[in-house]
Each structure stands twice: as structure tokens, then as C-alpha cells.
Amino acid sequence: LLTDCHNRGIFNGVALVVNDGKEILTKGYGLADLEHSIPIKPEHQFYIGSITKQFTSMLIFQLHEAKKLTIHAPISSYLEEFAGVDYKEITVYHLLTHRSGIPSYTGFKEFDKASDFSQAQMIEMILRPLEFEPATRFSYSNSGYFLLGLIAERVSGKDFETLLSEQIFTPLEMNASGYSTTWLDNEHAKGYRKTIDGLTPMPTYLAQTLFATGGIYSNVLDLRKWDEALYTNQLLSDSLKQIMF
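Using the working numbering, the first residue of the sequence shown is number 2, and each one after it goes up by one.
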């Protein structure tokens with residue numbers, strides 16, 4: 002199926018398939034770098050985009066388990082910028098479940114993915130009227146996960162990259178995974194999109210702006226380790242894991 006999809010020009014990438022704990026396919030299809038004709042392979046690192054949010058969520062639940070925060074507390078307990086009356090009902094759990102009412106910054110006209118916004122500028126951009134009352138609706142919000150990253154940093158006293166390394170990547174030996182504020186050069190599969198002129202390089206996001214919403218890179222070999230860990234209590238107790246799921 003994947004070979005056929007690749008031959009039809011609708012799939013270029015890496016697949017890893019596991020069935021009942023047995024690896025039955027690990028294979029790259031196409032090129033990691035069109036300009037230099039580099040074949041793609043399972044070891045190639047990709048920017049995983051919003052899959053980053055899974056890891057941000059895990060960090061928050063780990064900090065809850067360590068009693069550094071509580072997921073049911075208002076976000077103003079950890080983010081003094083959100084002490085205003087409009088935000089007093091928003092809890093950490095509302096951010097986790099995209100039910101806070103805070104609109105996603107990626108939809109703001111002043112947001113430019115290639116601009117290097119500071120954290121203060123990002124907070125200022127996010128501080129705006131809510132789309133709806135907290136807990137009344139679901140609306141996917143990158144803003145919420147950006148704020149979760151800030152909360153994790155403030156309650157732990159560590160930066161997001163260090164937290165990921167200490168709490169997840171090192172224990173699981175995810176040695177090809179990390180968080181970076183600059184785009185990788187080595188073993189990095191480059192992204193492309195179809196345009197009227199054919200395949201063109203994807204525009205570059207600044208990972209510092211994506212932060213806890215999409216700044217992680219990984220490969221399929223490491224993501225298998227992550228998947229397998231979620232079936233155990235290596236990272237989190239069963240009771241909290243069920244809430245996270």
C-alpha cells in the first residue's frame with residue numbers, strides 16, 4: 002500500500018508498523034532531501050509538530066504527581082499575567098483538554114511563524130477576550146499548550162528542553178529526540194509541499210515560537226519507545242495515566 006502511495010506521489014516518509022509487539026515493517030519511502038537526492042531512512046529525524054503536545058501533557062501530569070502543581074488549579078496560580086477576571090475560571094485541566102476558551106495564536110493576524118517572538122510578546126498576544134466560557138466547548142488551541150509549557154517551566158524552575166530530557170527522553174533512551182529552537186541540519190528530513198510549481202520546501206517555523214506546542218524533533222524508532230512506555234507506569238502512575246488518556 003505504501004509503495005503504491007509513494008509511486009502515485011502521495012506519500013514520502015517513513016513508516017514503522019508493530020502488531021502484537023512484533024515489528025513487521027520499518028521502511029523509508031522517497032527522499033529526505035530533494036536537492037541532494039538523499040534517500041529517507043528510519044533514522045531520519047522529523048519535526049513532529051503538534052505531536053509535541055503529547056509530551057507537554059505528560060510533563061504536566063508528572064509535575065502534578067510530584068505535587069509541583071495541581072491540574073485542577075486555576076492557571077492564575079502559576080501565571081500571574083492571567084490573574085484578570087476574564088481568566089479566573091480557567092484551570093490547567095481546561096488547557097490540557099482544549100476547553101479554556103483561549104483562542105489559538107496561530108489564527109491571529111499579527112502572528113508570523115517566521116518571526117522570533119519573545120515569551121513576553123507571546124503572552125501579550127494571547128491575552129485577549131475568550132472565545133467562550135471555560136469548560137463549555139472544545140476548541141483546539143495552540144495558545145493553551147504554549148501556556149502549559151510556561152507553567153511547567155515556572156513550577157519546576159527548569160527550561161522546557163531540560164524537563165523533556167530529564168523526565169522523558171533520557172529515561173526512555175530516546176536519543177534521537179529533542180527540543181530545538183533552531184532547525185537541524187544532520188539526519189533531518191526536510192519538509193515539502195505541493196504547489197503549482199511542483200514540490201517546494203516548507204516554510205520554516207521558528208521552534209522557539211512553537212515551544213511546547215510543536216518544537217520537538219524525533220524519529221519513528223524513538224516514537225516506538227514512547228508508544229511502548231505509555232503501556233507501562235514507567236513515566237506516570239496508572240491512575241493519572243487514565244486521566245491523561
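Just so you know, not all the hints are guaranteed correct.
[Said to hold, decoys possible] Listed below are the simulated EDC-like cross-link pairs for lysine to aspartate or glutamate, each with C-alpha atoms no more than 16 Å apart in a straight line:
hint : residue 1 : residue 2
1    : K195      : D34
2    : K110      : E125
3    : K28       : D5
4    : K191      : E174
5    : K69       : D160
6    : K89       : E134
If you are wondering where the hints come from, they were derived from the structure by calculation, not from laboratory data.
Going through the hints against the structure:
no., hint, in the structure
1, K195 x D34, "15 Å, holds"
2, K110 x E125, "14 Å, holds"
3, K28 x D5, "14 Å, holds"
4, K191 x E174, "24 Å, violated"
5, K69 x D160, "15 Å, holds"
6, K89 x E134, "11 Å, holds"
The structure fails hint 4 only (numbered hints given earlier).
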